Amino acid sequence: MSKHRLDSRAAARHAAPRGSRRLAHRAPHPTRVFGLVALMTATLIGVPTAFIVDLDTPGSSSAPTAERSPQTTQALPTPSPTAAAEAPPSLTPRNGSPRHAEGAVPVPDPIPESGPGTFRVAPADPQEAGTATTYRVEVEDGLPFAPTEVATFVEETLSDTRGWGSTGEHRLVRVDHDADLRIVLASPETADELCAPLETEGRLSCRNGANVVINAWRWRHGAESYNNALTAYRRYVVNHETGHALGYPHADCPEANGPAPVMLQQTIGLDGCQPNPWPSRVDLRPPSH
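Heads up: the sequence shown runs through residues 1 to 289, numbered per UniProt numbering.
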């Protein structure tokens, strides 16, 4: 929200004209009396125009209620879809329509609640997988996310030196054919179907077998625990759900105000920890298989 700084103006001052002289005390001539009366009348008629002060300015405490000039009126900007969509998730109901102040124009959520259940596979450069864990990235049709962009983000996250490969135990390679894991970006209802029997309620992600399912609503909105830091939240959800696929269970907050383990359910809450999208020492203990 922008703040307006109010400017103040000094009131206009009216000074007596220079060069005025004091008249001598003498009996007035009739002609001079008539002329003086005429001059005073003309002067008095002209007084109002000489004392007009612009009171229609910011900061004036005595501004008139007369109609203002159109040039001083500016229309309020229409909320952009991006600004509306960035509202905290807790303010957005299940139907995807953000709540607005009374009188505001509602902006539809760009994420559909349901999709066709068909997916586009992001192409990948051929590379030797060897003993690495392979994965492919898929985006459900109808979502406003390009598969190549999502796949690039996922690959950067999983290959980062702060990620699961930091200990040398895990190596993950992206392919566009048969893979060990499917990392799927899906609409809320499709995510619920892929995650069943887990209860994701249209707002959570999951790992179910070989499927790493990321809820597109979360991909778009993030989580309140990340305070609108959307990039960091996306890295968290990729690392968290992939961590489950690698055999890592949920973790608790080990120390108040310390970095949260990536396997803590940070979408739901932080339990006193600080948000952290990367595996920590707590996370990197040997996985349970």
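In short, the hints are calculated from the structure, not lab data.
Just so it is clear, the structure is predicted and the values come from calculations on it, not from any experiment.
Any given hint might turn out to be false.
Said to hold, decoys possible - Label pairs and their in silico Cβ distance ranges:
id: 1; residue 1: P249; residue 2: R171; range: 15 to 25 Å
id: 2; residue 1: P249; residue 2: D160; range: 38 to 48 Å
id: 3; residue 1: D180; residue 2: D160; range: 27 to 37 Å
id: 4; residue 1: E169; residue 2: E189; range: 13 to 23 Å
id: 5; residue 1: E113; residue 2: T167; range: 14 to 24 Å
id: 6; residue 1: L230; residue 2: P254; range: 37 to 47 Å
id: 7; residue 1: D160; residue 2: D125; range: 30 to 40 Å
id: 8; residue 1: E193; residue 2: G258; range: 31 to 41 Å
id: 9; residue 1: A210; residue 2: E149; range: 34 to 44 Å
id: 10; residue 1: P123; residue 2: E255; range: 21 to 31 Å
id: 11; residue 1: H250; residue 2: N227; range: 31 to 41 Å
id: 12; residue 1: N228; residue 2: Q265; range: 29 to 39 Å
id: 13; residue 1: E169; residue 2: P254; range: 13 to 23 Å
By construction, the Cβ of each residue, glycine as well, lies at the ideal position given by its N, Cα and C atoms.
Open item on the list: Which constraints among the numbered hints does this structure fail? Numbers only, ascending.
Closed with: 2, 3, 4, 5, 6, 7, 9, 10, 11, 12
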